[in-house]
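Asker: Listed below are the residues making up each chain.
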Amino acid sequence: MASIWEYANPKKFIQTTDRLLPWLSVLSAITLVIGLIWGFFFTPDDFRQGSTVKIIYLHVPAALMAINAWLMMLVASLIWIVRRHHVSALAARAAAPVGAVMTVIALATGAIWGQPMWGTWWAWDPRLTSFLILFLFYLGYMALWAAIENDDTAADLTSVLCLVGSVFALLSRYAVNFWNQGLHQGASLSLDKEKNVADVFYHPLLFCIAGFVLLFIALVFLRTQTEIRARRMRALLARERLG
Amino acid sequence: MRALLIRDIRLAVRAGGGFGLGLAFFLIVVVLVPFGVGPDSGLLARIAPGILWLGALLSCLLSLDRIFALDWEDGSLDLLATAPLPMEALVSVKALAHWLATGVPLVLASPLFALLLSLPPEGYLPLLVSLALGTPALSVIGTFGAALTVGLKRGGLLLSLLVLPLYVPTLIFGAEVARRGAEGLETAVPLAMLAGITFGAIALLPFASAAVLRVNLR
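Residue numbers (this note's numbering), protein chains in the order written: chain A, 3 to 245; chain B, 21 to 238.
Next up, chain B with everything else stripped away, as it sits in the complex (with noise of 0.2 Å):
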């Protein structure tokens, strides 16, 4: 399993791959909010928790086609699957890779992105928690979807059509706890509905991915 993670990491790093795409995109769709809306800080700051939630929602789900569709081109997948290894566990590693090399970046990267859109000083932490607690979330979500799509050429569109539906509740909870953060207003009622989204999708979802990826491999 440790062998699979960092084999997945080191790809992701190496291999001009969504590491640095994610985080680029982000920053693109920080940079075009301003253009779209007009420079007025008051504004930004105003929408700015929802902007980056759905800038690191977005930048996720850029990468998450790639989760199994080089290992499917190229077969490694198939000798994954036949390896001692149970589906479950190769899924939820796939996830965790995903969240580490996207993921963590994203969240690392908000407070900088968050300066850029004038988001209030009190408004940083609830960002970093949400975001921190969040993204798991959007990469188990993903990963199911990845596994969906995994055999079909044209996969890429139909994934975000079925992924986002599933987001949803992630992204609302999430921006709420960033958006009454940046009020400074009490953020424990979504972040515990945020955390309980995060850590059921964790629990349950590696199972029916692991469903859908045997069909697709049969």
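Excised from the complex, chain A in its bound form (with noise of 0.2 Å):
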């Protein structure tokens, strides 16, 4: 049986995601299209909040990747501290963006559709202000790999501030609830089948979501590779220079 480490070595996983980048970039294509599609035209407006209601199909698999992108990062920052695998920090590197780019959708379709369901864009609500402050966290860890300019350290001190920022953006969260009441409606997932969103709009989303985690997957293999890459090219040069 093979161990997951193996993908460790940045060959390894280059072959490998050389191999899968194809099909999961169609298949998040194909699941996005099919999700958005049905999700736009294909579902009843809602009796109250008419066609604004289908922005849920970008908001709700952004917001979900937003945090999750934030947590994969805090799974391989502790595998670089644990064992120290370059392609571990350098996924966590390639997350980050990505990451921040999914928060500011969810923030951005939130406001589209807060301007005439909430009659404004923008509230000191809990959901919003923590997803703002995750912004923020998002912006200071891709500012510290920016700012230092050798890789191991970078490495090493993004991963303890990957693990701090955890901690501090939890306790932010639970700091904002406490501190204002909230406006925004509950989850509109759940596994609890009650409080659910109506079926009509739950299976396009859950197209949408599926589309999402593939597009982010893709996304965060991709620019890994090229991280990897750009990695070797400097390295070559560095040895070229010293002839």
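All the given hints hold, so there is nothing to weed out.
Computed from the model, here is a short list of chain A residues facing chain B with C-beta under 10 Å:
id: 1; residue: Thr131
id: 2; residue: Ile135
id: 3; residue: Leu141
id: 4; residue: Gly142
id: 5; residue: Asn152
id: 6; residue: Asp154
id: 7; residue: Thr155
id: 8; residue: Leu163
id: 9; residue: Phe170
id: 10; residue: Ser174
id: 11; residue: Ala177
Just so you know, the hints here were simulated from the structure itself, not pulled from any lab data.
For clarity, every value in this text was computed on a predicted model and none was experimentally measured.
For each residue, glycine too, the CB sits at the ideal point set by N, CA and C.
Work from the hints to combine the two standalone chains into their complex.
Answerer: Shown next, in the form of structure tokens:
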């Protein structure tokens, strides 16, 4: 039985992801197209929200991925700290901008939906606020990666920042809950069937979520490959200069 | 340890450093606020707890990069790192010195500044207590940020980007205590939360700061 740690070898990682990437991309495109077209054109308008309800097909998956991307970075940082696999550190680095963009998508679609529904683009609601804070954490994390020249130092520092940041992001989440009462509705999805959104909206939403997950994985693979190749190129150039 | 603490405080007080600067910055923030929002004392009284907390937080932030930067430049940080003192103790002492040099003066001066913002009389005690409890957390978290950015040439701006999101929970609970106090409400719950954050940060963050500092000194 092959160990999962074999994929920590950059060469093996690139080989495998090269084989997977076309499939992932195509699959993600198909599910996204199905989910979005189904969601946008073949679901009924909500009786109170009208057609604005359909922004859920972008908003919910993006918000989900914004949080999951940070979780993935947390796991990758832990793997880097414990086992010091470079691919893991680079994957964490690769995921950060994707997660940040997901956060922006969630915030922007939320604002566009909030304007007709709540009558305001922005409210200091706990969920909205904690997403904004999450976005700040992403910014800080990426800025730290960009600021440090030595790769290993940068990987070490950012992974510690990711761990500490996770704790404080969680703390902020609950602090913000305490600080202001919410305007945002409860979770759209839950394991408890009663609380779920209605089935007509639920099925296309599942497709969209699957599409976003696949898209995220594909982007992270691609960006990690880019990071590995960029690092190889730098190594080659350095060797050449030494002659 | 005591020698290091005394040395750090002396440096802060004598070397034209954070000590007076932080207080002056706090004063300026407090003076500028009425220019921004107007001199209506009712409005000022309402926002005073928040402004005072923000001012304290910002002036804390101002002196963070001095925690390690000077010692890093003249090489004494390397000496300290090779001393028998464990790194965790070193960063704890540094945080304590920062708190004594900036946090304590801020706490002591806050009633005076509260007067300028016409804080209601029943708000003074909660404000003092919340600042006294909250500023150690600001120093400890800030020390972590300073340790992260110690090797960087232009770390100052990055430092604020890294540290400010980490300050969110402390600010929320601290300002909440001060606000509720000023409105004559119960303050026990946010106060307990604030204390939890402070003591949690004091207990755990020095390990993270020490780990980060070791990486930076490698």
